[in-house]
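Enquirer: Chain by chain, the residues run as shown.
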Amino acid sequence: MPRPMPSRLATDGETAADDLVRLVLALVETLRQLVERQAIRRVEGGQLADDDVERLGLALLRLEQRMDGLKAHFGLQDDDLSLRLDLGDLADERE
Amino acid sequence: MTMLYVYGIVDSPRFDRTSLKGHDGADVFAVPCGDCAAVASDLSRRTIAPSPRSVWLHEHVLDTLMRRHAVLPLRFATIVPDAGMLRNRLRPMHRALAGDLRRLRGKIEFALRVTNIHAGWLHAGDAERDGAAAQVLPPGTRYLRAKAERWRERTAGEDAARRIERELRRHLDPVAENAVWALATRSATLTASYLVERKEVSAFVAAVVDARACHPALDVSCTGPWAPYSFVTVRPPEAW
Numbered sequence: 000m001p002r003p004m005p006s007r008l009a010t011d012g013e014t015a016a017d018d019l020v021r022l023v024l025a026l027v028e029t030l031r032q033l034v035e036r037q038a039i040r041r042v043e044g045g046q047l048a049d050d051d052v053e054r055l056g057l058a059l060l061r062l063e064q065r066m067d068g069l070k071a072h073f074g075l076q077d078d079d080l081s082l083r084l085d086l087g088d089l090a091d092e093r094e
Numbered sequence: 000m001t002m003l004y005v006y007g008i009v010d011s012p013r014f015d016r017t018s019l020k021g022h023d024g025a026d027v028f029a030v031p032c033g034d035c036a037a038v039a040s041d042l043s044r045r046t047i048a049p050s051p052r053s054v055w056l057h058e059h060v061l062d063t064l065m066r067r068h069a070v071l072p073l074r075f076a077t078i079v080p081d082a083g084m085l086r087n088r089l090r091p092m093h094r095a096l097a098g099d100l101r102r103l104r105g106k107i108e109f110a111l112r113v114t115n116i117h118a119g120w121l122h123a124g125d126a127e128r129d130g131a132a133a134q135v136l137p138p139g140t141r142y143l144r145a146k147a148e149r150w151r152e153r154t155a156g157e158d159a160a161r162r163i164e165r166e167l168r169r170h171l172d173p174v175a176e177n178a179v180w181a182l183a184t185r186s187a188t189l190t191a192s193y194l195v196e197r198k199e200v201s202a203f204v205a206a207v208v209d210a211r212a213c214h215p216a217l218d219v220s221c222t223g224p225w226a227p228y229s230f231v232t233v234r235p236p237e238a239w
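Read top to bottom, the protein sequences are chains A and B.
Using numbering that gives the first Met the number 0, read the first sequence as starting at 0 and increasing by one per residue.
Using numbering that gives the first Met the number 0, read the second sequence as starting at 0 and increasing by one per residue.
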């Protein structure tokens with residue numbers, strides 16, 4: 000069962016390493032999603048040439064595959080990495 | 000080792016406890032703190048499992064007290080080592096607790112859950128057509144296009160949920176004191192907590208029936224009355 004991310008980091012000597020890995024991966028996953036959302040916005044807005052879309056898509060695809068590998072390695076589910084942040088405003092910002 | 004299981008905060012240290020039994024049949028008693036008191040019973044272990052019986056007992060104690068008093072419910076399995084520590088924890092919050100007790104006196108909570116709100120969100124035909132066309136795209140472009148499609152579906156779903164929330168609120172808000180709504184995007188479920196005056200319970204239930212009749216495609220479940228968990232502003236420390 001996925002563990003909800005606590006509002007405060009509560010850890011102890013035995014779980015500190017696991018908790019740190021989880022926190023770092025949660026931050027990376029949040030940034031990955033934010034970058035992906037910005038990329039989608041640019042693609043939808045027709046701001047990118049076909050070659051750029053393919054290059055960006057491939058980079059994001061590989062990043063997602065790498066994250067899936069790390070989650071599997073550390074036995075984490077998607078919900079384990081949810082920081083419960085509302086990124087709506089951030090993602091909607093115009094460049 | 001005997002611990003204290005704490006059910007909630009009540010507006011008076013003097014409450015009728017004759018019919019009240021806590022977990023494991025233990026007597027329920029007050030731990031006074033200023034004008035209010037914590038409602039507690041002894042517990043001969045450090046934890047308690049959330050079984051239907053134990054959760055209902057927690058609710059039953061609160062429900063019985065709420066008939067005569069203002070009560071701030073604490074979450075299930077709030078356990079402290081002793082009365083001294085409990086008083087120390089409550090003392091700094093005393094004024095805020097008194098404020099919440101005044102505000103929530105005579106009020107109860109209903110929980111609403113609205114499902115089947117995704118009907119019509121997805122355009123399966125479009126998705127299939129787009130899926131066939133996507134097969135000829137290079138992998139990076141296909142990945143981004145698929146993500147964009149999912150994002151559009153999600154946005155459309157959130158817009159639909161917001162419209163449904165506005166519709167239901169039109170029926171329910173006039174007979175309620177306060178409401179908190181939330182959308183679980185992944186499960187396409189709207190949830191709401193409604194704070195209702197005890198004397199308005201019948202009117203609120205009638206409003207729910209009315210809302211259901213006006214929106215037969217939606218599954219609207221309503222449970223309660225509960226202690227007003229969602230409207231207590233004083234948050235006890237996560238670790239006692």
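Think of the hints as simulated: they come from the structure by calculation, not from any bench.
Remember, it's a predicted structure, so these values are computed and weren't measured experimentally.
Mixed in with the good hints there might be a few duds.
To give a feel for the contact side, a few chain A residues facing chain B, derived at Cβ under 7 Å [stated by the list, open to error]:
1) Asp18
2) Ile39
3) Val42
4) Val52
5) Leu60
From the three backbone atoms N, C-alpha and C, an ideal C-beta is built for every residue, glycine too.
Enquirer: Hint by hint, say whether it matches the structure.
Expert: Structure-based check of all given hints:
no., hint, verdict
1, Asp18, "violated, 15 Å"
2, Ile39, "holds, 5 Å"
3, Val42, "holds, 5 Å"
4, Val52, "holds, 5 Å"
5, Leu60, "holds, 4 Å"
Of the numbered hints given earlier, the model fails hint 1 alone.
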